[in-house]
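With the hints as a guide, dock the two chains, each given alone in a separate frame, to form the complex.
The primary structure of each chain is shown beneath.
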Amino acid sequence: MSDATARATSPNTHLMVPIFIFSVLLSAAAMRGPGLISSNGLGSAIIVAAPLILATYALTIIVMAGRAAVDLSIGPLIGFINVGMIQLQTLGYIESPAAFFLYALGVGVAYQLVLGLIIIFVRVQPIIVSLSGYLALVGLNLLILPRPGGVAPDWMLNWGSGTSIFSPVLAILVIATVAWYLLATTAFFGHLRLMGSDERAAYTSGVRINLVRLGAHAIAGLYAGLAAICFTSLISSGDPTQGTTFTLLAVTALVLGGANLAGGRGGAIGSLFGAMNIYLITFLLGTFNFSIFQSFVTDLSYGTILVLSLLISLALPQIQRAAHYLPPGRFIAVLGCIAGGVILHAVMDISTLPEALDAAVSFAAEEVVPIEGAPLEPTGTIILLVILGIAAVIYLVNLLFKYPRPPFVAFLVLVILTILGLIFNPDPVAVAEVAGAVLPAPKGMGTALEYMALESSQFDSGVGIYMAPVQTAGYAIIIALGVTLLASLIIGFNMPGKRVAGTSTPVSLGALFFAAVAVLAVVAIKAGDISGMFGSETLIVLLIAMGLFIMVFSPLQSRIPHLSSVYISALGLIAVGFVYFWASHGDLGRQSAATGFAPSVFDLASVLPQTQVAYAIPGRLDVAGGSLLEIGPWAYSILVIAGVQFAVWLAMRGGVRIREFWPCMLVVVGSAGAWSAMFYSIGVSLWNIAAVVVVCVLTSPFVWRGFRTFAKGLSLEGGRR
Amino acid sequence: MNSSAFTFYKFLGLLFSAAVALLSGIIGYIQGADGQLIIFYTIATFSLILWAWHFFSVKWTFAQKTENGDTAIAKPTEAETHESGYLGQLIRKNRWIVGVAIALAVLFAVLSFALDGFFSWVNAFIFLALIVFFVLAYWLSTFVTLNKSAFIGCAILLALFIAGTFVIDGFASSVNIKTMFLFAAFLGLACVGQTLVALLGGLDLSIPFLIGSSNIGLLYLISLGIPPWIAAIAVLLLGAAIGFLNGVLSFRLQGQALIVTLGVGFAVSGGTQILTSIGTEFGGNVFGVVPNWLVNLATMNSTTFGLKIPPVILIWLVVSIIMIYGLRNTIYGRNLYALGGSRMAAKRLSISERAYWIGCYMISGVFSTMTGALLLGWSGGGFIGVGDPYLFMTLAAVVVGGTSLLGGRGGYGFTVIGVLLLQVLTSFLVGIGLSWQAQQFVLGLLILPMVAIYGRSPHIRSQI
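Line order of the protein sequences matches chains C and R.
Reading the first sequence from the start, the letters are residues 29 to 749 in this note's numbering.
Reading the second sequence from the start, the letters are residues 739 to 1202 in this note's numbering.
Derived by calculation from the structure, the hints in this document are not laboratory data.
Treat the hints with care, as some may be off.
Reference excerpt, derived from the structure (chain C facing chain R, CB under 10 Å, subset only) [stated by the list, open to error]:
1) V166
2) G177
3) G178
4) P181
5) E227
6) R228
7) L336
The beta-carbon is built from N, C-alpha and C at its ideal position, and this holds for glycine as well.
Chain R with its partners taken away, still in its complex shape (with noise of 0.2 Å):
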């Protein structure tokens, strides 16, 4: 700490408590108080807010660093022969953060100018609160060292979630909490598949196919009178198998998953709704009485032993803590993170690659079907296109969550931050009234951010 950064926190302590004061002086104002109070409140706030900033910040700081003979006050520091005051050094030293900040801060004037009704000053504080929030964050994200995604992950989720809490009426009700988590844990299933593939260094687009199919099919052998627990069953083997198929096919065309999985995802979801429309009219579209165990596990009335919770919730929580603990505890977990570090590595450590690469696949087809027949459950009725938003949003969750594309970084445990980010992210959106073509393109353009604070590579200098 050097005398131009004495001046500057000075001036920003100086700033800051007139601003309060003048904020102090207008509520007075708008409230109709006595006009001497008012001069007299602001001016005591002024000065009583200056003297602590000074005493709490600076004067202690700017004293600490004197008494280690740090003698900056005689002399000053290279960093000042340079013309530049501190706020400079501070703006360069932060630039992302400040671009960042004046670029959402341009978006909301031209928001605010743009659609009529958007500016209030109730949506005007809390962008300024979640600015400072933000900034703050990150501020202390510099002291997190271990699982820093983890970190930023949860601030904003804590930061949209008060958001919301502040703009939309019954955002912190049971109701809505319950209905975000019923969302976000069908989400969330879908994404243990993608988690381990991702992990591997590999990815899985053939899970919105899965699901659509494994939604029709299921509804398609149920009604051809098959014991609906056998034709869950059957489908979830088929998941597996199909599973199988991908990552067979995955694992001998290195680098080609992404339309491996594709390719595959679409033969499937053709041919499972080829074989459904069979002799009915209805392209497409099945028709059949769901059971009622599976209705009761996943629609939002729907009780587990009593508790008024959806089990398709509490499934996700369980299946959570499994994931989490055996990725992290287990040989297998381990193993898995020691494929996607280095494959040459594992290799040499005997470590079957085949072997894994199959079993995250099938786990992925398994879960992807599984999401399908719960979303049967919740809807009463097959359609295939059911699986559809799941295409980007499950890659969306683990590369928001923080699990690395490429392998070998990341967990479970992120991914379900992902997941929770992005359903609080749309219960948002959907609560301030967006169109569900606006709410994707916000929705677009926040993952690249989002992505961009903690998953940047390594500049190409650094990585020979």
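Just chain C, with the same shape it has in the complex (with noise of 0.2 Å):
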């Protein structure tokens, strides 16, 4: 079994390019506009992506059953729904949402199926059909609706405001992408990919190749008038011509997105990343103020980027042979960890630069923002964290049951005990005189969940936990380099070049390091000067173990298939740890005057309008003659890079060779970047982080040695040989 999980990681390797571009443009769109991480931001984006992600979802399977038929008339259909919607409305025909969906429903598929009808019996080329009915829609929609106008019904109205992430909008596209999952696991399915791929050899075997295409284009239907509800709420009217630029903005989402135009590969995830990634540059064109050039780089980046993801895809291939040890899921703990720490940096470094909150809070005067009673609905981002640490639980749980082990088990209630700590946090709140003012203890859960949302869940009160910061540190590094150089012991004694995984699980191994964790859990509990079970300090010190547990434990239980991806998000996790506890609201590293209270300037940004908040110039970049600071990061990264390398290099002189080690390669590099990358953007002195990789070179060795023995686990050696 080992064999076929570490080699099956081809098919979605097309998945990396576009998730790597999400995670740059993810990043980039924090930083630049911090405000799109809160209720507000994330709100619009879901309503305003949407009909973009939906009409990219219908382009997709179409484009999935081959022939080279892309629908260029997806983008006029969703307005002819639009208007037809509109006008049906304003005539009174159609009151209900009921008949609403019925009508978008059934006019997208009606259209679909003559379009399909016509490619399958008259025999034009596809490309042909659907520019005729692009022509044919164009001027349709323009007679049924001259000018826009119109409004949507009452009980739409509401949908398109984009104030909380769970709005129907969501709902729907949770529908539509969960529906494309279980279309997936069909045998239709299989039939579309295979006519997509090679049309004569489906028809050659049996596949009714004429039904398959019809379903195709039912499909696509039914999700162009979920788009067209989409757009409906969003623009709240009809609009003849709005509709039609979603032709060109679907087109390039597909192909962001990674899919084969000539048919036969594609997928919900890759056109959902696609469709996002679009999104994301135009909301990070628009942070910028371009004035009169705006649409014309709108339209200078998205030829760009169409083009060079294209030359990206092309050298997919070298990619795959070189990363075949790199499935997406790894990928994506890795760059989500470095988006992460992008974000947090953006949210808590930029947003609580003085200048940033007097803008916000003068604006927020001259407008007469009742800011003491506004009604604020803060807590969108922490149920969506909820519903995503949910979602991580039932994977968890899925793994557990599939693998019913000792050390797994012991991992889990890390987890659990983790994410407890994270919910019921019951630090005391100290009552802290800040520059003279007496801030008001919190009335909200107190709980560092807030945090997690970077939404404070009252207004005015954002002071959450305060550590005695550099003392506290301290001690914390002081555990943290105690913790790893114990572990590292222990995995050296412990890890004999020999010994194949899975064999045996040495159990007093387990026990020994079950203790040393306790251990130092209480030791840190002491020293952190820090009452209560679940302080910053303890989850600090659970969050390590936890990551020291994976990087033992992952050579010895190789039988867990996706245990490195859990072991760079445990880093990743690790990382986050450090950023929200030690540089957030402790003193060590940050140069700001103003801190520790950064939630408040978030939840100001969000009771403002997204577009009139001022973002401030990001601090580091922009220090005065601050050419030689911005080169200073990369190539201190660089050096750590080359370090690592170098130390792996030097231990694996003695009688292992760095060939078989070579596919690991990638792992190492992405974790340390991953590192670097978030300390560096959390502001955190480059002390601090020479002091982590130091740790981190001087434990690579033995962390090289366990991917040995992990890789001897999966028999990967054995081909390569």
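In structure tokens form, the structure reads like this:
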């Protein structure tokens, strides 16, 4: 089994490009406009992106059916459903939501079926059919509704406000995506892919290709109908021309998502990423002030990114060969950590700049926004996080039932402890005096999760955990170093080169490990001068322990196939923990004077209209004469990676050949990059990063040994020799 | 020809003569002729036509068949045992034609009821004549084996032109024809590259963006003080450079030409607009003075060597002749077809695939920018959106003309027919007073049947 699972990574490699672009764009977007990461920001993002995502789904399934059948008429079709809907509603023919949905889905399906029937029976090239549909519908839309107007029905009006994440549009989106996955499990889907990649083969092997093609068109019609509904709720009116733009956008999104226009390849995830990339590009460009150039710059970037992503996809086979050890899941984990770090940096560092605060406050004063009594609904992101957490837990439980082994159970327990600690953090809340003003104690939940959500549940009380910063942080560093070194020692002792993984679980090792963790946890609690079981320090220790646990046991429990993904995620989690509990709320390495009260700014930003919040310039990038400062971190990261590699090389010299470890190299480089980026982004001084990396370098030989055993357990090397 | 066919033709003749006789009777009645005369002439017309019909068609063909020893009268053939008459067979054999004719008739009826003032006897007559013409053309086209699409295209062109002359005042006037040729010349020049690329099996969607970009780019360069002819050459060279990029990328990314060229087009038009609007207040619009010679190249009133024809039409003519001749008779043209037909075979003949891809896209880039420059002369002011209609029109013209998008079949001559067809159709639609939206709608609906007449791909079971 091991061989198969390890090598079965190729089918989704085309997702790497969209994921990579997505993480880069997301990081950049968060830097430029931190308002994106809030209830308002995410809510409006969903509303705006939903029609595009659904249109891309519709296009995807048609493209998958082959014959280079890009449906150019998808945009006008959305516009057609939209204007028809508005006109029918104005005339009073349809009123209820059910009628609207029936109408939209029905028209979408009917149109697509006609298209499909023409393609099948008239046997003209699909692109011509869709082209003529495009021309006809563009004209028809303008005939039905000559200029934008009309009003969406009452029940739909509040969909498009975009103030909350959990809107009906999100529900539609989720249902559509889930429906795609249900569809993907059917035989129909298999037939569709077969037909898309080789129609003759499908025909000769007895697939009823006409029926399959019609089915693809019908499903595309459903998605188009949903897209039209979301589009209508977005603009709350009828617009005969705006829908047309979706054709080019959706085709672009499709390609950005890694689908093959020749057919056969494509999927919901790719299209989702592609569409979100398009949205992020628009968002990102919107944060710059190009005045009259705005639309031109947008065009330029669409075109360039489109061509670039195609070029990257050319290099895909090479990437695939080099990175066959790196499945998309792991890739997402690494990039997600980096992007998360950047987002944290953006919202914690940038928005706490005094100017931003001042600007926001003065703006609020001008506009007489009643801040005190403002109805805040900041819980959206919290709920989102909870849902994500539940999904993760379900995944873990699923793994648990698949691989019921003691270490894994222990791992789960640790995770649950951590989560509980995050949720019910009973750290005493200090009423701190800052700049002479006494800030009131928070009236909110008083949990660490608030900070995860980047919003506080009460506007006027941003004060959360307040630690005696330097002292605690110093302790924590020492503890972390100790834990890491100790664990490395344990690994070193227990990892003779000959042992093949999976044969036996060294119970003694596990016992030793748990003992060490327990001792360290107690030490940490005592040393950290924090009363209470789930203090922040404890959390850090637990997080570190979790990471080390994975490090230690992954070689031994190589039967868990996705363990190295979990490993990298754990590294990322550790980094996130550091970020929150040291860098953000302690004084460790923070250069800004306004410490620790970041969330309040965020709340203010979410009260204000998003476009009117003044975005601060990233502090570190705009220091006077800062060209060296800009280069510095990059040089530093390169140095870090080079150093790690060198250490690895040194360590490998005796007895173990580096060639065997070459596939693992990407993992190490990725995690080192993640760490550095994380720390840098949060504003930790270089000293601190250096310390962390020294630890990393010191432990890397052991990690490498562990990987070797891991690889042996999967008998990866067998094929290479 | 069997007896059932004989019966069918006999009754058809009867019906036809009766109809004509009735028509003549009605006309006589309307003109207020004498009753006796009307009756006399009606009967005379009827019998004469019937006799002529019988003599020329039925008797002749029937007799000829029987002379050959085909004893059709005595023995009923297989077809007759099926209970269905000859009419049924005929309809079944030509079910597409009949279906389309009926659909058109229904459409006509619907339009007559839906639109006020649409229905008039002239319209109905023209409509009927069109249908008859199409059926005739279709029947004729069964005898044409080579370049069928060109034949059908010409037939439709002719029909449209005749219809236009009937319906619209001044449709056949020299001014209108000149206008149509002028616009057709722009479209035709823009289609040069699209045709070449389509022959290879690619697509070039960057054409409209290049047209728009060269339109404002040229004016921008001129307004900077660069001599206009240098600016024009520079723009053409830039077009070639972008075409080169298109070619390289499309060749590397086989099958994704649609997206590559679209992306390049987006980038080019965005970049050009940024460049030209730096330092100005007007995003996307450039103001400047267009040189006289450029204006003279492309406006309606301009003359060529004293002739009252805009030079752009002559340019198009020359380009068309070169293209048609070049594609048919030169080694480059034949290689192009070889590449489009079978890449593997062409490769074995050591034809450089890459060179042809790049070359075709470069030509496309040059002609696109040329169209943009000429359009600048025509309009006298730079506007980025000037190329927008060409996004689908170039594609439509190529396809309607009969060049396959899969490569290897077609040619520029076909595209010329397609261009003229679209242009006459557009003029016709404008002439009968349709708004732009309605034109678009009708155009979209008409492209499909035009392609469907000859551009159908074989059934999958015959592809294996």
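Comparing the hints with the structure gives:
1. V166: Where the cut-off is 10 Å and the nearest Cβ of chain R is about 5 Å from V166 (chain C), the hint holds.
2. G177: violated, 15 Å
3. G178: Hint on G178 (chain C): violated, closest Cβ of chain R at ~17 Å, above 10 Å.
4. P181: With a minimum Cβ separation of about 26 Å from chain R (threshold 10 Å), the hint on P181 (chain C) is violated.
5. E227: Given a least distance of 6 Å, the restraint on E227 (chain C) holds.
6. R228: This hint holds: R228 (chain C) lies near chain R, its Cβ roughly 5 Å from the closest one there, short of 10 Å.
7. L336: holds, 9 Å
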